[in-house]
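Student: Okay, here's what each chain looks like letter by letter:
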Amino acid sequence: MSLLRPSSSSIRRRLTLQLLVSAAVLALVLFFIVFNFARQIGSESQDRVLLASARSVLDASTIQDGEVWIDIPYFAFSMLDNPSDDRVFYQIVQDGDLLTGYEDLPQARSDGAEAGFLTVPYRTETLRIVTLTRRLSDGGQPVEVTVTVGQTRDEQADVLNRISRMTVLLGLGFFAVSAVLAVLAGQSTASSLSRLAGSVSRRGPQDLRPVVADVPSEMRPLVRSLNSLIARLSGAFTRTEDFIAEAAHRVRTPLATVRAHAENTLRRVDREENRVSLREMIRAIDESSRAAGQLLDHAMVSLRADQLELQLVELSSLVRDLVERLSPVAEMRDMPIRINAEVPCEVMGDPILIQNAVRNLLDNAVKYAPSDTPIEVGIAAESGNAIITIRDHGAGFPDPTDAQLTRRFTRGENAAGTIGSGLGLTIAEEVARAHQGHLVISNHSDGGGACVQLSIPLR
Amino acid sequence: MRFLLVEDNPQLAAAVLDRLSLDGHVVDHAGDLATADGFISTTDYDLILLDIMLPDGDGRDFLNAHRARGRTTPVIVLTARSEVSDRVGALDMGADDYIAKPFDFAELEARCRAVLRRQAGTATNVTRFGNASLNRLAGTLDVAGKSVELRNRELRLLEVFFAAPGQIIPKPKLVDRLFSYDEEVSENAIEVYVGRLRKHLEGSDVSIVTVRGLGYRLSVP
Amino acid sequence: MRAVIYSLALTLLALPAIGFEIEETLDFPGAGDGPTLRIISTADTSVFSPIITAFQDANPSVGIEYVAVTSSEVMTALAEEGAEFDLAISSAMDLQVKLANDGLADAYFSDLTRALPDWARWHDQVFAFTLEPATMVLSRAAFQGLELPTTRQELITLLRDNPDMFRGRIGTYDVRESGSGYLFATQDARTSETYWRLSELMGGLQARLYSSSADMIGDVASGEIAVAYNVLGSYAGARDDLHDQIIIIPPADFTTVMLRTALIPNSANEVELAGQMIDHLIETSWLGSDTSFNFPGVTPDALAENAALRPIQLGPGLLVYLDRLKRRQFLAEWEAALVQPE
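Protein chains in written order, with the numbering used here: chain A, 1 to 459; chain C, 1 to 221; chain P, 1 to 342.
If you are wondering where the hints come from, they were derived from the structure by calculation, not from laboratory data.
Mixed in with the good hints there might be a few duds.
[Claimed, not checked] The calculated lysine to aspartate or glutamate pairs, modelled on EDC-like cross-linking and capped at a C-alpha distance of 16 Å, are:
(1) K98(P) with D81(A)
(2) K367(A) with E202(C)
(3) K146(C) with E273(A)
(4) K367(A) with E107(C)
(5) K171(C) with D270(A)
(6) K146(C) with D104(C)
(7) K173(C) with E272(A)
(8) K367(A) with D182(C)
(9) K367(A) with D104(C)
(10) K367(A) with E184(C)
(11) K171(C) with D81(A)
(12) K173(C) with D81(A)
(13) K146(C) with E218(A)
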C-alpha cells in the first residue's frame, strides 16, 4: 500500500541474513575448534608413539661387562612407520657421549623419568622429538642413558590436512544446513507475520474485533498495538456514525418543529402576504433539511464505501421495497411508479448503500418530474451487469453528458425551483463506483425524460 | 381516529398535536417511553407515531416490546437519523413505516393512510352525505351505489370538503393542501381538480359550489 | 654389443679419486652428444643390460654409465664420499631407506610412481620395482635320492640327519660383506628363532660364506656345494643355463621377499632422466610390457595369493639393524653361530 513507507528490507530477508551470518561465524568457530582439537590430538598421538619408541629402546638397554648394550627392538622404529613415510632419527647418548645414532640430533629437555618433547628444525625438516633418560647401574656405578627419537611431521600435517579438509566440508555442511534452516526460520517467522496479516486482511472491513491470531511472543506487542489501533479505529467509526446520527438529530428535530408550526400557521392565516412568507419559510426549511440530509447521507456513503462490506443483495426485492416506501409520496403527486423486473438480480454489495443510491434516484424522479406522469423502474441483467434503470417523463437533463451533474452540489439547470441539493446523483455514482459499477445519465429518446442507469456487476 | 404521539421535543409534539387535532383526530402525547407505556396499556389507538431518540430509551426497544406483547397497532417511526445508517432498521423492528423529520404533514397523512389501509382493509372510515359516501382509506367515492376510484389529489381535495361541509374554503388553502410547497402552482390549478370532482359527484346529493371571490363550498342535503 | 666392459683395474686407474670399490662399469654411449645418466647399482650388469638397452631404444641420445658395486658400497659412495650419481639401484632396502631417511634422496613424482602400491614406495623417494625372494638353492646332483626340503625346519632336519654329506658343502652370504645377505639374515632373525638354529647348525658344518650371489649359485651348479641358503632366487632363476644343475626352493614356512629399489640421490645432475629411468623400471617390471625385464621374481598377484611370501617392509624399521650397536650385536651373534673354529 502506498501509505507504507518504502521499507528498507523485509523481516524475512533480514532475519535470514542474520541467521546466515551467525551460521557462518559458528561454522568458522567450529572449524577452528575442530582444527585445533585435531592438531592437538594429532600431536599427542605422535608424541605417544615417539615416547613408546624411545621407551622400547631404553627397555632394551643393558650393561654387560661394563659396556652399555642396546638391542634396539625392530618395532622401536617400525612402529613409527606411517602412510606418509615420515623420516625417523634417533640418538642414544651415554653420560653425554654419543653411543649410536645421529650425532647432530638435538635433544629435548628431559627431567628424570619425565620425557621431554620438542619441535625443532633439523636438517631441512621440522622434527618432533622426544628425549627420555634412564639411569642404569654398572655394578653400583650409575650410568645415564639418554634416548632421543625424532620424527618428521608429514603424517601429522597430512592428517591435519585431511581433517581440515573434512572440517572445511563439515563447516560448509553445517553452514549449508544452517542456511536452509535460516531460510526456513525466516519463512516461518515471515509466515507467522503473514498469518497475522492474513487474519487481519481476511476479515471484513466492518470487522473491528481484536486480532486473536496465534503469533510468537515477540509479535505480541505488535498485535497489542494493532488491537489498540483497531479499538481506536472502531471507536472513531462508532463516534463518526454517532456524530452523523447525532448531527442529523440535532438539525432535523428543530427543523421539523419549525416546519410543523409554519404549516399549522399557514392553515390559520388568511392574509396573502403572510401566507407567501410562510410558504417561503417552509420551502427554505425543506431545502435546508434536504441538503442536510443529503450531506449526512453523503458522508455516510463515503464512510461505508471506503469500508465496503459485501453481501448478497437481491436487487428486485430491494427496489420493490424502496418503491413501496416511496409510493405514498409519489401518489400525492399522482405519479404511478411502474416496476419492470425481469429476473431476480443478485449482486455482491452493501444493501444500505445501494438502497441509498436508488432512493436518491427515485427521489429525484418524484421531485423533478411533473405530477400526473409515470416513473418507470427497470431491473435487468445485461452482459454481466445488473442494471437498474429509473426513467421519468419530465424535461430530462439539459446536457446528460455534463460530468458536472454528478459533482457535489450540482443540480440540473431546469431543476431550478425544485428543492434538492443535487447530491443525489453524486451519491448514486459514488455507490456505483464503490461496487465497481457505473452510473449512466441520459435523456430518453422516446418522449424525453431523464433516464438514469445504475449498473453493478452481477455476482 | 385516535393517535398516540411519542415525542420528547415538546414544541414539535405541540405542532403535530395541533395539526392532527385540526384534522379532527384525537391525539395523546407521551414525552417518554414510560408515559407511552402507561397510555397504551389503558387505551386502544388506531396509530402510534413513535420517535426513536427518547430520554428514557430507544424507541425501537419500545417497538420491540410492543410487538412482543402481540399488539398490532400500526406504528410509524419518526426518525431524525440519516436513512443510510444501518442502525435505523426500524422496519425490521416491526414498524409499519417511517418518516424522516422534518416531514410534510401531507406526507405524514399519506403514510398514515397507507398504513391504516394495509392494517384495516377498506371497511372503515367512511363519510357519508346523502347518497354520496367517501371511503378515505380505500380512496373511493360511492354515488348512488356506483363506486369511483379517486386519484390521490381528488381524494385529498374531497376530504377537505367532506371534513367541513357547508363551509367556504378559500382557494389558497386548497392549494396548500393539494400541492407541496416547492411546487409553483396557480390557484387556477385547483379549478381543474374541482372540475373533476364535480364530474364524479354528478347525480349525487352533494355538490361543490363556487363562491365567487371567496372560494368553494360543499353543499350537502 | 654397445657395452664396453672395462676391467676393474682399468676403472680404478681411470678414477683414482674414488674410494668406494667398483666391481664393474658398463658404458652405454648414446647417439650424438646427448646427456649421460650415471647409475650406481648392486645388480649384476648382465641382469641389468637388457633394461638399459630397452631404455636407450626409447631414448637413443641418452648415454648410460652403469657402475656395479656391492650394496654397502652404494652407501659409502653416496653418504660418505658424495659421489655424483643420477640413480641408485639397490637390493639393500635398508640402506636405500636410510639414504632417503637421512635426506640424501630427491623426491620424484609421476603418474607411474603414484600408481605404485603404498608398500612399493617410501617417502616418494624410494621406489620398488622388483619382488625377489630369498631362496634355498640346491644342487640337483647332491640331492639325488634325497627328499627335497621345503621349509627351514626340513632343511635343519636334513642337515642334522646327514652331517657328513653337507659338511663344508653349505653356502650362505657373509653378512659382514653382503648387504643383501645382512638384510635377509636380520629379517630371518626377527621373524623366527629357526634362523639361529639353522645358523648354528650351518656353522657347525663349516658353512662357506659368500659375498656374491653369483659365486654361490655357480658353486651350487658345479656341485662344489650342495645347498645355498638365502640366495636371491631372482639371480638363480635368471640363470637359464643352470636349470639342469640347480633346484630353487622358496622356503614354505616363510619366504623373505626383498624389494629392489631405485632412488635419485640428491647429488644427481640428470634428475629428469633419472625420473624417466624410474618410470621405465616401474613400467617394465610391474606392467610387464617389456620382456627385457630379467628378474624372475614374485608377481604382485602371487604375493596376494601366497601367505608365505613376506615382503620386507619399506620403512623406518629397517633403520634398526643399521644401527651401529645393533649391527655389532647382530654380527657378534652371527659370528658366534656361523664362524666356528674347525
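Student: Taking 16 Å as the top limit, are the C-alpha atoms of K171(C) and D81(A) close enough?
Tutor: Status violated; Cα separation ~138 Å.
Student: Given the hint that K367(A) pairs with E202(C), test it: the Cα-Cα distance must not exceed 16 Å.
Tutor: violated, 34 Å
Student: Regarding the pair K98(P) and D81(A), is the alpha-carbon distance no greater than 16 Å?
Tutor: holds, 13 Å
Student: Would the hint linking K173(C) and E272(A) be met if the CA-CA limit is 16 Å?
Tutor: holds, 11 Å
Student: Keeping to a limit of 16 Å between CA atoms, is the pair of K367(A) and D182(C) held or broken?
Tutor: holds, 9 Å
Student: Does D81(A) lie within 16 Å of K173(C) when you go C-alpha to C-alpha?
Tutor: violated, 134 Å
Student: Assess, step by step, whether the Cα of K367(A) is no farther than 16 Å from the Cα of D104(C), and give holds or violated.
Tutor: holds, 14 Å
Student: What's the verdict on K146(C) and E218(A), does the C-alpha distance respect the 16 Å limit or exceed it?
Tutor: Given that 16 Å is the threshold and the Cα spacing comes to 86 Å, the pair is violated.
Student: Taking only the CA atoms, is the gap from K146(C) to E273(A) under or equal to 16 Å?
Tutor: Roughly 43 Å between the alpha carbons, so the hint for K146(C) and E273(A) is violated.
Student: Decide if the proposed pair is consistent with the structure: K146(C) and D104(C), CA atoms, cutoff 16 Å inclusive.
Tutor: This hinted pair is violated, its Cα atoms lying about 33 Å apart.
Student: Given the hint that K171(C) pairs with D270(A), test it: the Cα-Cα distance must not exceed 16 Å.
Tutor: Judged against 16 Å, a Cα distance of about 11 Å means the pair holds.
Student: If you draw a straight line from the CA of K367(A) to the CA of E184(C), is it 16 Å or shorter?
Tutor: holds, 13 Å
Hint check: violations occur at hints 2, 3, 6, 11, 12 and 13; the rest are consistent with the structure.
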